[in-house]
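This is what each chain is made of:
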Amino acid sequence: MTKKFRNLIYGALTVTLAAGMLTGCSSSDKPEPTPEEGSSEVVEVDDETNEDGKLFDETLEFSYMGNIWGDHPQDGNAIFDEMMERTNTDIDFQWFPAANYAEKVGVTLASGKLPDMIYGGDIATLVDEAAIIPLDDLLEEHGQNILKAIGEEDLKYMRHAGDGRIYFIPTILDYPPAYSMQIREDWLDNVGIDEVPEDWDEWKAAWKAFKEQDANNDGDPTNDVPFSGDIYSLMPAFGLNVADKFGFMEDEDGNYTLAYELPEFRVFLEEMRELYSEGILDTEFSTRGTFVDNVELEKAFHANIAGSSMTWAANTRTTTDILREIDENAKLIGVKPIKGPGGHQGIPQRKRVSGSAAITVAGEDKAEDIVKFFNYLFSDEGIELMSYGIEGEHHEKIDGKPVLKAPYNDGFEEARQAGLNFTPVPHVFDGDAYTQLTFAGKTEEELEETTKMFYDALLVGEDYFFVPTPLLNTQAFAEKQAVVFPKIEQLLAECVTGSISVDKFFEEYEKLKPVGLQEILDEGKEAWEYIKG
Amino acid sequence: MKRRKNKQAKEPIDFQIVKRRIWRDRYMYLMVLPVLTYFIIFKYLPMWWLRIAFYDYKILKGFSGSKFVGLDNFRVFLSNPDFLQILWNTLWLNILNLAFVFTAPILFALLLNELSHRRFKKTVQTISYLPHFLSMVVVTSMITTFLSPSLGVLNGIIKSMGGETIHFLGQPKYFRSIMTISGIWQGVGWGSIIYLSALSGIDQEQYEAAVVDGASRFQQIRHITFPGMQGTIVIMLILQIGNLLSVGFEKVYLLQNAQNMGVSEVLSTYVYKMGMQNSNYSLATAVGLFNSIISFALVLFANHMSKKYSDSGLI
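Here the protein sequences line up with chains D and B, keeping their order. Going left to right, the first sequence walks through residues 1 to 533 as this note's numbering numbers them. Going left to right, the second sequence walks through residues 534 to 848 as this note's numbering numbers them.
Since the hints were derived computationally from the structure, they do not count as laboratory data. Treat the hints with caution; some may be incorrect.
[Claimed, not checked] Derived lysine-lysine pairs resembling DSS-like cross-links, with alpha carbons at most 30 Å apart: (1) B:LYS655 to D:LYS513; (2) D:LYS211 to B:LYS706; (3) B:LYS552 to D:LYS211; (4) D:LYS245 to B:LYS591; (5) B:LYS692 to D:LYS104; (6) D:LYS156 to B:LYS706; (7) D:LYS299 to B:LYS692; (8) B:LYS706 to D:LYS245; (9) D:LYS156 to D:LYS211.
Owing to the predicted nature of the structure, the values given are computational and were not obtained by experimental measurement.
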């Protein structure tokens, strides 16, 4: 290749690169709105259907991005068809797996091509990026059913910590029982303990017996995990009422704070270190547990190596059913929450208002109609459709009350597969429908043993329920949490496993304050005071 | 000499000759075209977006709606209390990678080259390539299951031999070994291909002459085989040094947990958390740019040293 020719190639490449860069520049400086293909004009209807009994005269089309898990059907279902038929809407659902959904939202945001509605995601980031629109006025004008269902009290917690506005339409389930402390009753029998442990010392004695006496009777005394799961689920026994791995809670004075800030946390930490060193605490506590990875926790229970945990009450039934295929005596029961060394006892109740979908800037033009659509879902007719399905197909009316039919009343699995209790789409799930599913179409007297165990587990801790403190997505939290919280998690794990001392934990914890932790605490406290009024 | 070069440079380009040559070599250029297009689209054009690192960039507002913050993002990263730890973790993993994962395919290729039974050699080669084709998610699931203290095979063996179970992924001291050993397992076969191709280019007459001269097998490897691979090894080494700050993200991230985070947090996982999980694209880009600049400097340094001591290099 001659030098002349080489220079020519260099020149051509340079021009190509420069042209490409300029092209990139010209297209990069502008935000890229989502194309609104198929956008249609709609007739304004206030909570009323038209002559054809439909909500909109012309079809309302919008796209909806959400995460999906468990038994929820991805490819449509009769209830959704009915929902769209009644309202004259055409929703383009885009479902993604729940695992790594937050990253998917990030990638969608980065692409600039937003759907009209987005379920989940980090609200602070979405607000900060101006990707979603406030709904206060729209809800006031067209979403009275939604506001009524949320209620004054919960509406306060739905407000964005940064600007006090409402950005989401939620899913509502007014049925507080969700979790329970659980223990293998057959393991207690195997180690000769007659009474279910209640206080901290009794629990420690039971755990120790599980560890030392091969409680699962498999001939291997080393594989029994007395307490399986994460350490966060043990915090309420120490007066630290947290319900996730971030650790935010309300202190005695009603201030928004972190569990690590309270004196009780030191006692908790000392105890966890002791449990770990004695082999009582799950060695895999940082990778499995209700607030870390529930699937992994279930695997441990199904493998017959876990003796106790604090987890979803439904696990008492599923785990027992599975274990009974190999051991007919297996019995995982729900018990009262542990009474800690300081006399504290608590178990988080289900958040009444959870999940959430926001209207993005791409759907701003049709926001009013989208709110009207959800307002229909929150009406009596909509609630009945989403909770009980279609009359005649999924339920029948007995004394004017909807009653789920078989096989949809067999349990949550069957119901969800049919499109009932579809949590990734905002709606109200009726508490009575929840009870019907729990009872699987039977009366309390007719319940099978494991279903009865599930029902008992739901209610056994009722006297000790606490309302989980919401996670406030303040600006500081959005910006600093990725630096601060993984570090706290790491320090906590290192301290529990004995790699660092308790003092070292607090020393390192304090070092996080200048790099964002203090800001998160201060902004959270301020936002909490504002929310609580 | 210098004057002649300058004179040549000033000569007008004869486009007729250029066109003729392009037409003559058209198929070669056609083959290069997809690669060239790939590099322009995926490597050069995205460089324009590196300026995100100097903004508080908001995706939907674009550059015009985002605030220019200069070097603030770099300051934030460098003032992170874990900055040195993250850098050290990244370097350590790569040094181990260089020492073991990089050298294993060379040794493997040498060993394969010495095998005379053709069918056995092919079988070993094929089996050794297999792990390369497994998705990283599958590989990490296999590692996690295999090493699980409660349900893992390895701990089952340890227990059957009277030992106590070990939570390998929960103890920071094992993390780097797990990464290195699994890296060797995954890459030894695939990585050896390039060295085997280098070996196939060695003139067989050299071996025959060495046998006549009474050279032992080891002497043949030392004086013929190894020098024959040297050029390839040097190039691969330079490229590898350029990656000293780039640990494969997926495996580290998927094997990471709170208990091993002290050694498993590396630049790529940090960038991912900042960019994808926290949507802080500016900070993530700043860290990525920092990474690239250091890597580029390392490649130049390695190339310089290589040329100085072995007279071969990339540039």
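Exercise for the section: Starting from D:LYS299, check that the Cα of B:LYS692 is at most 30 Å away, please. Expected result: Holds, at about 21 Å.
Handout entry: Distance restraint between B:LYS552 and D:LYS211, which requires alpha-carbon spacing of 30 Å or less
Key = Since the Cα atoms of B:LYS552 and D:LYS211 sit roughly 82 Å apart, the hinted pair is violated (cutoff 30 Å).
Handout entry: Straight-line alpha-carbon gap D:LYS156 to D:LYS211, limit 30 Å
Key = Distance ~46 Å between D:LYS156 and D:LYS211 Cα, so the pair is violated.
Practice task
Sort out whether B:LYS706 lies within 30 Å of D:LYS211, counting only the CA atoms.
Solution key: The hint holds at about 26 Å.
Exercise for the section: Quickly compare the C-alpha distance for D:LYS156 and B:LYS706 to 30 Å and report which way the hint goes. Expected result: Violated, at roughly 47 Å.
Practice task
For the pair we were handed, B:LYS655 and D:LYS513, check the Cα-Cα distance against 30 Å.
Solution key: It is violated: about 59 Å lies between the C-alpha atoms, which goes past 30 Å.
Exercise for the section: Starting from B:LYS692, check that the Cα of D:LYS104 is at most 30 Å away, please. Expected result: 41 Å, violated
Problem - Restraint check for B:LYS706 with D:LYS245, where alpha carbons must lie at most 30 Å apart - result: Cα-Cα ~25 Å, so holds.
Handout entry: Straight-line alpha-carbon gap D:LYS245 to B:LYS591, limit 30 Å
Key = 29 Å, holds
Checked against the numbered hints given earlier, the structure breaks hints 1, 3, 5, 6 and 9 and satisfies all the rest.
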